[in-house]
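Q: So the protein sequences, as listed, match chains R and S. First residue of the first sequence? That's 1 in the working numbering, and the numbers climb one at a time after it. First residue of the second sequence? That's 316 in the working numbering, and the numbers climb one at a time after it.
Because the hints were derived from the structure by calculation, they are not lab data. Please note: incorrect hints may appear among the correct ones.
As the list claims (entries may be wrong) - Subject to a maximum C-alpha distance of 27 Å in a straight line, what follows is the list of computed DSS-like cross-link-like pairs (lysine-lysine):
hint: 1; chain 1: R; residue 1: K150; chain 2: S; residue 2: K537
hint: 2; chain 1: R; residue 1: K309; chain 2: S; residue 2: K758
hint: 3; chain 1: S; residue 1: K492; chain 2: S; residue 2: K758
What the hints assert, rightly or not - Chain S is faced by these chain R residues, among others (derived, beta-carbon under 7 Å):
hint: 4; residue: D74
hint: 5; residue: P84
hint: 6; residue: V96
hint: 7; residue: S98
hint: 8; residue: F102
hint: 9; residue: K150
hint: 10; residue: S154
hint: 11; residue: Y156
hint: 12; residue: S215
hint: 13; residue: R308
hint: 14; residue: E310
By construction, the Cβ of each residue, glycine as well, lies at the ideal position given by its N, Cα and C atoms.
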Amino acid sequence: MNLPVGERLFGSFFDEVDGVVAVPARVSLAEIQREVAPRGWRFPLVLDREAPLADQVSASAFAPASSRFGPYCDNLTGMNWELPDGRRVRMGERVVKSTTGFDLHRFLLGTGDRYGRPTDFVLRLRPLGDAGTVWSLRGKSASLEEVARKLLHSSYLPWLESLDWIGDRQSVEPWLRLAVHCPKEELEMFGAWVQDMARPEGIHVEATPGDGSVSDGLPDAVLKTSPNYVLSLARRLTHGTGFRWVGLCACAAIHLYLPPELRDPTQIQALLEPLQEMLWEQGGDWSSRHVSSTVVLAEEASWLAVLRKEWGLAA
Amino acid sequence: MGFSCGAVAQSLRRSSPRARILEAPAQLAGYDADGLGYKTFRPDLVIIPADAEEMAAVVRQLHQARVPITLRGAGTSLAGGPVAAQGGAIVHTSRLRAIRRIDTAGLWCEVECGVTLQQLEEALAPTGLFYPPDPSSGLVCTLGGNVASNAGGAHCFRYGVTSNYVLGLEVIMLDGKVRRFGGPAGGRGPWQEDWKRLMIGSEGTLGAFTRFWLRLMPQPEKVWTFRAMFPDLSSTERAIHALVRHPSFPVAIEMMDPHAVAMVEDSPLAVGLPRDHFLLLVEIDGPARLVDQRAPAVAALLRGAGSTEVLSSADSQERARLFKARKAQGGLLGQISPDFLVQDAVIPKQALAEMLRFLYSEAETAGIPTVTVMHAGDGNLHPNFLFDSRRPGDVEKVEGISKRLMEKIVAAGGALSGEHGIGNDKAAYMPWVFGPQTLRLQKSVSRIFDPRNQLNPLKIFADRRFAA
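This is chain S alone, in the form it adopts within the complex (with noise of 0.2 Å):
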């Protein structure tokens, strides 16, 4: 690698004293992967600084000692994104977690990047506002890999997807200078260009996130959900493409596939839906007296696109019940099977039935259980395949399907990524996507703030590697 890892420690220590130093293996071994687990990178040391000046610091003095760097949050990422891929050090931002304002007035806040979403939400509750991106790893997940990644969500079909709602944000550069892009206003600040546009979604590459101003939204005051079973995919996309263009404009628009829901309705979380179905829970928010006029004209459309079943409620408790599946159906993945890989595209919705059959029919010949959940207003397709990687072959037939899937959803206008990035994951399709001009123009970016992949090497371009 080029650098003594023990001497960058002992260096650290004498300069960052508060900073966390983990060198042994079994410390290390809890950074080896993100959500993508099958993909393991060691990495030579983890450093825990206290806080933002530190973390520049510690920058600083990496960059010097030429080691490569990895941020990383929660590690809930599963696209291989927070992960050691060519050694190095991994910075762990977890101590980075206040909360440094809420702005009533202004709807924004100020918030370290170490916060989790939830620890946000939980803030936000009594202010009556809200900050709308909710990934599914919510829970533990922290707003500095959801800027890195540009998470989405459930509700992002509406409100939107995390860059909609970073106003600004604090990066520590390569050399360890502190700059920011953007502030409460979400202008460029004194820059001639928005940089920020660059950094938001950059996955680590470009500088060291501490800091973001984030804008906030009026809570809803009344949220009806909407549950539909339906008997194949014809009148499943009937129901999508009508709700797409309903004036009830839905946050959520959520479909599980027969194979998604026959897992549930097998675990202990089941539910009682028919196994051979299509699911689709359907979210419309706003003022009570709209969305309570605007009701029963979703009920309507989805009975009419031909369910056999439609539930609804504006009561909290009946909507998670609800809702229920869906949140069980993350979690039943790591319940039931050894490994499991959640691919994420974005698709246009007249492929949908097109990659269906695709992906069964490759699922079917790998002898690969795949479950698929989708976001389905804005096509972003998660076909998840469950495997065990220690079977000789799994791990080829998967990676196998997902690039095949790949390669057809690009051919189809589709994107490589809706909302978990690149990473390492699917570095090499990119080149699939943009042409040689445009391919060239991506790829200077880094080079802009990082001419040498110090950060994050080896992702979003599977040629970013680190030249000490």
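For reference, chain R alone in the conformation it holds in the complex (with noise of 0.2 Å):
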């Protein structure tokens, strides 16, 4: 057998069965879903149904539905990457599943442009239902973060496609976000089970159908924290700056949305700079896709500098 010779780039292709699709990095999320919609698909990871998916990817590592499936570091199985230089190399596989030598797939989705882009993405797709429900759940601050903690801990959870909190200085209270996608005879069930659970509480809970589907757009920064924390330091922030936070619950994850006018790096670092002590110890961290430069710590320096000098790229 002959295998070919040179970089084994990924090509265009359209797997139905395993439900993979390989498609350039800077289309949007609304071409795809116009693509693979039609064979029974969908690609659930959306933060801006217009914005290229490399745009998406290097913003932020969660979208609302990643509730349910994770990162899109998890929902990307392979990618094509451009090397500073030019050189073309093939990260990933194109199946679902596999430890085939150093995660580099993963460890350069992280990395913003520092070390080259992505130029084509493989992503993993899921099965299209035929019906969805966003619900907003409205209500007393502490009753809403009872009931946020109630589904982290709920065998509904695997099911949600958003459990998110969101504040922001329109409201006057945070509210809380919950959506499925599934096939339309289960939407009543779920309907039902979303009000057993406000009504105790008595929480508002208006239901908006549709495809389920929710998306925020670009956040300006993102938070990383665990789930003790997520609820508590969204509630914090919101109330602290005014600004709009969404907490992804199952995630851990906080995305902040700034007016156009405040997306400067500066002021950016200097409202989340203070709280990074807080992130760093428990493992967390922050990011925005308007801040690069970042402190780099001696050690990693040294290692980063082996990297850059393997790699033939430029100190």
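Hints in hand, dock the two standalone chains.
A: Structure follows, in structure tokens:
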């Protein structure tokens, strides 16, 4: 057997049996959905329907539907990557499971543009249901947090496409967003369950039928914490700043949305650096698509110097 | 080797008095192999540190003495991972067995690397939480080995593999310094890059893991298990393809080929299955109201695809009975054959018929009995070759079939390993997977932390040889 010589880059393909598709990194989710939906598939991780997929992946590791399907890196099985000098390499696989060498695929996905950029992604698709609903739960902050905590420990958790705590200056009180995407015949059951859960806490529920998908746009910054702190931290930040914060409860990630005039690296750093020690202590972090420079520890700088040398990249 | 084993052992006894140090041939023999039993490598010494602090001192000293270092948990790897392929020392992590914390509110736990999956499962049972990865060696395998090989299991089609659950790890670097990557929050911590991504699945080549922060999930309220028999491969494939895109989103879709079914039926563990049929085991789980509603649709799907018999149950004892043939299969291999090799690869599911045809033809020509099981949801194929390494030619035949199969799998767009890792079993095939540029990037990773390949040499890449 003769295996191909040279870089084994991903070409264009759509494997309807495995539910994997290769797409250019600059296509939007809307374009992807148009391609795959007629064949009964969807890609559920959506931050912004119209933004290029590459921008979404670099803006945050998580989207609301990560509650159910995990971060982007677990839903992109592979990619073609262009190094800064133009060399193209393949990372990851076209199959959905692999332990073959070092996981440079997941490593690079979190590195912004420091070592190049993705040019194509292989997406793991999910079956397209025919119905969905988004529920807004409003009530006292303490009651909403109690419901969110119960949901995090419920066996319904793996079926929720959104379990998000939302606070902003437009709302008097924060609210909780739940969503499901499922076969039509299951909607009634999910609806009854949400009502059963909300009623004892005195929470008002409003249902919006549709396909159950939600998107808030590309976040300006992301904080990664643990589920112990996500609710209290999101509440504290909303009250302290008045900005829009979306806490993805199951992922323990908090997205910050700023008015355009405040999307300034210096201001973002000033806002988030005071939280950094607390986040680091839990093994968390913060990042912003507007802030490219971060302090690198001396030891890490020495690792990165080796990596850059070995990869033939400029220091 | 460039080092004196006796001098190193003597020095370690002085500096690490609580560590157990094994040098006698009879003691070392227990570390000759992992689950890939026919390939043996005798270590020069084995050190069993009492705790992480002592382990750091041991690693530092071995590094300075220029001794190849191999980390080992329970040794259940099936790819020749935790063996001293270039001699030197094995550091055995069996005494780092503390479950330090289970944070039920935060849905995470902190465990030492020598904790077994079974131990963690028992500790989590009363909390209403569970840790999803479930390799078949779960009774004895350690979390250290699981993280090193990015282990999977039957239920990872929906739940994912180990890398989906590691929030953070503590690592002893080659120089003995202890570093933490991530933590309960699962982020990068103070580092610019997310180094834990490279550590997971690195097969002991980047550092010595001491403890982990792992993500936990709420236990499902109810589980339904389905066992379906199929008269041929095409009806089995129809069922697998339909299940993969079914909204019930099964947690497990397990396949046994007729050779595997017959092996069970010819043993004292027979359960009365038709010997010439394919078997599918399917599990769905979740809230009782939801899975009870979905169960009839799954049964109908299996029948509609051509199953001749579908049994299902949500009762735990009955479910165990339905799963019995699959459970028995793994244990039987070692009972009916002097040696066996469990291969591991992931294929695009459309290639299943082609791969099985190739496998059966090769096995028949070579006269090597082969039984195949598969985590069918994600295309993770496990052909098991039964042979006798004492019989001239058997090893060559088995390795020849493995090699040709892997070549075919790579050509079809598959992966060399889904959950066992590369070890030394498949290290020679790695250049097939990556082009020259990607291979260069891959090989550079271990040089960041271990420029001389002192940690677990000759693993992942065949030329990762320690040069003292």
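Q: All hints, please: hold or fail.
A: Status of each hint after checking the structure:
This hinted pair checks out: K150/R and K537/S have alpha carbons roughly 18 Å apart, not beyond 27 Å. Straight-line distance between C-alpha atoms of K309/R and K758/S comes to about 13 Å, which keeps the hinted pair within the 27 Å bound. Taking the CA atoms of K492/S and K758/S, the gap is about 23 Å. The hint holds against a cut of 27 Å. Contact between D74/R and chain S, as hinted, is supported at the beta carbon level, the nearest pair being about 6 Å apart and thus within 7 Å.
Taking 7 Å as the C-beta cut-off, the interface hint given for P84/R is violated, the closest approach to chain S being about 13 Å. Taking 7 Å as the C-beta contact cut-off toward chain S, the hint placing V96/R at the interface holds, the least distance being around 5 Å. The interface hint given for S98/R is met, as the beta carbon of that residue sits about 4 Å from the closest beta carbon of chain S, less than 7 Å. Residue-level restraint check for F102/R holds (minimum Cβ-Cβ distance to chain S is 4 Å; threshold 7 Å).
Hint status for K150/R: violated, given a least beta-carbon distance of 10 Å to chain S, over 7 Å. Hint on S154/R holds. Least Cβ distance to chain S is approximately 6 Å, under the 7 Å limit. Because the beta carbon of Y156/R sits about 5 Å from the nearest beta carbon in chain S, less than 7 Å, this interface hint is met. Violation of the interface hint for S215/R is found here, the shortest Cβ-Cβ separation to chain S being roughly 22 Å, above the 7 Å cut-off.
About 10 Å separates the beta-carbon of R308/R from the nearest beta-carbon of chain S, more than 7 Å, and the hint is not met. Given hint, E310/R at the interface with chain S, holds; its Cβ is 3 Å from that chain's nearest Cβ, closer than 7 Å.
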